[in-house]
Amino acid sequence: MLPAMKRVLTTIACAVSILAGAPAAQAQQVQGVTDKEILIGAFGPITGPLSWLGQGARDGVQLAIDEINSNGGINGRRLRLEHQPAMTPAESLAAVKKLNEQSKVYLIFSAHGSTGAEAAADYFRESGIPVFNSVSVTMRLREPFARNIFNGTPLGVDILNAYYVRSALDRTPRPKRIAVLVGTYAFPQAEWNAAKPLFEKEGVEFATVQTYDLGDKDYTAQLVQIARAKPDLIVAFGQVQEVAIAVKQSQERGLAKTPWWVGPGVVTRAFPVVAGSAAEGVRSVWIVPYYHGDKGPMEKFEAAWVKRFGNPPEGRPAYTDVFGYGDMYILAQAIKKSGNDLSWPNLIRQWESLKGAKPSDFGPWAADVIFPHTYGPTRRQGNQQVTNILVEGGTWKVQPDKK
Amino acid sequence: MLKVDELSVQYGQVVAVRKLSFELGTGEAVAILGTNGAGKTSAVESIVGLLHKSGGSVIYGGTDITGQPASTIVRHGIALVPQLRELFFDFTVDETLLAARAACRGRTPVESDEIYALFPRLAERRRSQAGNLSGGEQQMLAIGRALVTRPSLLVLDELSAGLAQGIVTSVIASLKKIRVSGLSLVVVEQNLEIAAALAERCIVMSVGEAVWRGPVHEAIGSETIRDAFFH
Amino acid sequence: MPESRLRHGRAVAAPAAAVLGVAIAGIALDSYLQYVVGLCVVAILVGAALVPLVGLARIVMLATGAMMGIGAYASSLLITKLGVPFLAALAVGAIAGAVAGFLLGLPAIRFRSHHLAMVTLVFQALGIIVIREWKTMTGGAEGMRVPPVVMLGYTFRSDESNLVLLGIFAAASVLVITILVRGSFGKVLRAITATEVGSTAFGVHLGAYKVAAFTVSCTFLAIAGAILAPRIRIIDPDSFGIMQSINALAYPIVGGMTSVWGGLLGGGLLRALPEALRAFKDYAELIYTALAVLIILVLPGGLVSGIERIAGRVGAFREASLQEESAALSAHDREPTVIRHDAAQPVAAKPSVPALEVLGVSRSFGSLAAIVDVALTVPAGSIHGLIGPNGAGKTTLFNIISGFTEPDRGEVRLFGAESVGIAARSRLRMGVARTFQHVAIYGDLSLLDNVMIGLGENGVLQTIVGSADDALRGPRYRRREDLAKAALDIVGLHARRAERAGSLALGDQRRLEVARAIASRPRLLLLDEPASGVAIEEERRLKDLLHRLNAEWSLTMLLIEHNIRFVVDCCVNLSVMHQGVLVAEGRPDEVIARTDVQQIYFGKV
Amino acid sequence: MVEILDLLLGALKIGAIYALAASGFVVIHKATKTVNFAHGAFIMLGAYGAWATLTLLKWPYWVAYTAVPIVVGALAALVEFVILRPLRRADLFSVLIATVFLGVAMMELIRIVYEVELLSVPSVFSGVLAELPGEIFLTKETAWIGAGAIACAVAATLVFERLTLGRGMKAMASNYRGAQLCGYSVPVTYALAWFFGGVLAGLAGVFAAPPMGINPELATALIVPAFVAAVIGGFDSLKGVIVGGIILAIIETLAAAYISSAAKSAASFVLVFLFLLIRPEGLFTEGTRRHA
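Residue numbers (our numbering), protein chains in the order written: chain A, 2 to 404; chain B, 970 to 1200; chain C, 19 to 623; chain D, -6 to 285.
Please note: incorrect hints may appear among the correct ones.
To be verified - Below, computed lysine-lysine pairings styled on DSSO-like, alpha-carbon distance capped at 30 Å:
1) K296/A to K51/D
2) K133/D to K218/A
3) K231/A to K218/A
4) K299/C to K202/A
5) K153/C to K218/A
Don't read these hints as lab results, they were simulated from the structure.
Nothing here was measured: the structure is a model prediction, and the numbers come from that model.
Extracted from the complex, chain A is given alone in its bound form:
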């Protein structure tokens, strides 16, 4: 038996070392930085149900990096992106460890949603590597305060949900009884748990709270219950995959006249297409100033995207492309300001000093598809702005936020 055992041992050892590659342990002042190049790490889901989210962020960042490199890089250094796929919490932790300890990247661009990012949060804190979160709204990346974790365009659920409530109730007559449709999985649950007390503070009455499961295809039961409760407004949290179908079905369930407000997870091209005429007038919030297909910066961005990646598949570039692209330029400015002292402490100091930074501040070619970012010694949330958005004539239209 012993020889057999040895064989198995070696087999496994081999497997492990294969996936190890040769651990590159060459020491340098700052990891991931040479005179020629800066290595940027990123992780997120690019397969599985959330792939559309991770792919967007990855390609957006890549696009920005390519533009920066083709314009001479940063202080003579080119940027290189290493992206690690990660779906489950376990994989996310593996991915960030690989980036930091094996690939020795300079910093990590976090392109993963709730649980994925949360699983890595503790590791970020312990390792102290600079992290730029460009996708997740989770509070675990924001509280307790960590000097090395910056958040770009997406706001934390705390701020975001204040807007939710205002945006949702911002119609005349002001809704009093609202029906809630919320998914049972992580991300809508997070949104709903944060929004609930705020709605209550506004003295809103919940006519009914209906739940649905990830990937549900039929909402008859929930909608019938909602119809029975006769609400002034329906608030839905979740992804477009579910909410779009729910909105579509609401018409045949006699809810044609009841208005909808949906969480921003639903604001994608697919929504008006899938929900069809029922989508008209549905409102939500939006955390960048433009929507796909808008004139100006967005047009410029999308042209660049097509130029780089060819004709987009259905639904791309998605909003995560926009976040990744814009936020990468903010990051680039922080690096630029650090000059030749690219040590983490200095980078973080420079980063904190960014005020009202826009992509075009880095270079005129960049498209300002995101709101300006402002950081400070105790401020890690770059973007603070939110606008309303609603479906008009079969597409989403950004509404200037009337404060």
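Dock chains B, C and D against chain A, hints included.
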């Protein structure tokens, strides 16, 4: 028309049939006799392609059908009435007879009514499921199913097993009727009486080998047979 | 023989050592790989844990995720909410898994194949729903944070420490699993897979073993979950979802179902693969699944069989036999030794009480009356034969006597005791053993193990407890081994005891069945066509064997045969059945001379 | 009362799709004794096929309803012939796991081609067919899917039970030795069964596309109900499975309406368990098996 040459069948180490050879002309009938474990069933099932042959060849009507699957061999006109009948218990008698038509590529199938004419008992039960038929009726259905394919060679494995004497005789009577149409028979039997009723020649098998050949009526007296049976 | 004990000791320790080895080797790697190896170690444990249930009991288990979840949540909640120390929490987690496994196993007594698979799927789904909906406790879909392990005041924060921790617990678990799989418990499970009737006849309670297999596997799945939780820091329902279960099911199948090594390999490699495939980015998942299908396609027996084929090896216990091989060759054809008197103490059966009385027994299946009002008496010490053409009802009568079929009417007395209604598996204790018309030996087991199961003592708790002793060749094992060897000696297979039963020729298999049947020193031996399909010389050996057993043990026998000469030579008395009724009885030669008997075979001539 | 009616209308649409999805699943199991976990993926392919024909190629609906199922069927037959047939010699487990992984592989393949969260195709008929008392709308879509899908499932049953095409599969399912003696070849019949099952999967996909939207998760969203419906209806009964699919949809809908969405999935699984306990053979038993 059927030429079996040095046919062998083997399961693992167990040799069920060892180098069995025999020939059969059109319209002839041969009986294969012997007790259990003599290898009779293995022999015929390998001939019709249900069992894998480990050696030898089978020529039928000039074409070599060695190694062909049962579904093809039945199209050449060899039909088996297997020992365990292998009926479709959830099919009605009607359905069963229709199902067998698939085997008639190029030949016109025998109409169900002709089968019913042959076995009136089946006609009465035509709507009931095969699983609910009595042993005798099941045997008739198995034979009927085989006849639908308009075979030129009919192989009967243990026709009499578990059937009352009366039924057996009536079945034999019907079989004799169709013999006149020039149908050849291979009859696998333990029971010499039945063998004698259907076949002229016989092959006696013991432990996988043919130990005696000759006319059935001689077989009945013969000592060899007693030995083959009483080992 | 201490040398072999040592060898078996090593064989038992090897998988655990391998797991520990992998963990230790991992320490040399960087933190990322340490983390990955940690995950692999857990997967390895999962793979091994599934071997008894999926590999040996052949059950499609789709609740693996839920079971790990039970372990993970139970232990983590105890730690976070009640401040229970880790070890205690782990133990409770394991127990929770055991209980859940037991409950999930109960339906296994009734359901089979995909129905049973469906039941496990139901358990999986409901388990996840409960975790997700019980928000106050589990934190619902948003998941719950798990603190690092604290033991003896030391906090396992670093990757090294965690890796060692995982390694130790996984190795310990794998050790126990190996003992169960290689020991008597695993052997009986293999026996059941090989032949259910053949196991029942020797006192195996099928249902009990299925439930036990569930309990054992689920216990270790729960442990796997409990040690994984603090490693991934945040546990959520998705991490224990159906996909997890399906992947886990692939572990033993890809690795090789019937040995612990298979579980280890499958688990380790399938868990490592996605990490290794990172380079393929968007295509990783696709390639992963494709590879899995490919492995299944090209290596039906799993990786282990592949490795064995490459290494030209053939299964664990056959290695053990290599040493005996030479002896076997020389000794194979020697005549069996005479039965030593110390080996057999003739059973003092009161001659007055007949060994077997069958009184007016009838049984019909649907419209077919298999046997009608049969009466038969076999005096103690006699050899009684029963012949008749196909469908005469011999086997039905036989099954009624051995308890596999209930009669519609009538009584069956064994040594004076009414036996109708007593389960087949309890007949061995009444001193009744049988052989089977279609040999029902345990093909995957050695001859010795076949006969040792024949000794009875196959209560599920007995075998679980006895597994360590069995796997390590302890005193109990050696006691049973001696009895089994004696039985094999009698039938002349002693020298080949270490070979795989499935590799024997039919004749030897039939003698093996006899050895298995007599190992427990029964008083009545039921033989179902022992001579069918065997060659002449085999037949002679068999006949002598039966005579010796009868003479020297005064072992009573009932013998069904088609091979009439064999019966005639063996029997004291002979009965003839035809179409369900006993038509003749008496001294063999007289009986077969009777014309009515001959007519049954030849017809009226 | 009115409300119940409304709920039932919704359930009918989904139930019809479940029934059609499950019938293909059962055909394959009945004829080849294979539990096809990849069936959901075949349905998903059908849905994407619908999108490709309607939105990409701008072909009319009837093409989608005819061409797509045939293509999916051919693919299924191919899978049986190339991958599963050799595996069957190994053992049941390998085949089962193989179908599981095949399903996942197909989903991933699709995901690589279409990166969007959700695609959609317009309904064949839009608008309201009839407004029933109490603001209940019977949309043309509901009517079409409810009637159409069930009609297809029933048609499938007839083909399998009555026509010569089905008889071979049925015979093979009932007694494969006997079937060979009647001239049915095993590999051909198996491939045929998979083709037939694949066609039904493709149809289910085309029907499901408009109301359910199109994304890889459609596979998982429909394989489980198909499985459950199969248990309710009896794993080998086509009639049973149609009823089973509708019952399942009704129970799910009512549970979700009057308890919660958690109860929705829970209810369906509890239902499965009860059926396994009380009627393991399902609603309809087919063929009283007795061995003479």
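Violated hints, by number in ascending order, as checked against the structure: 4
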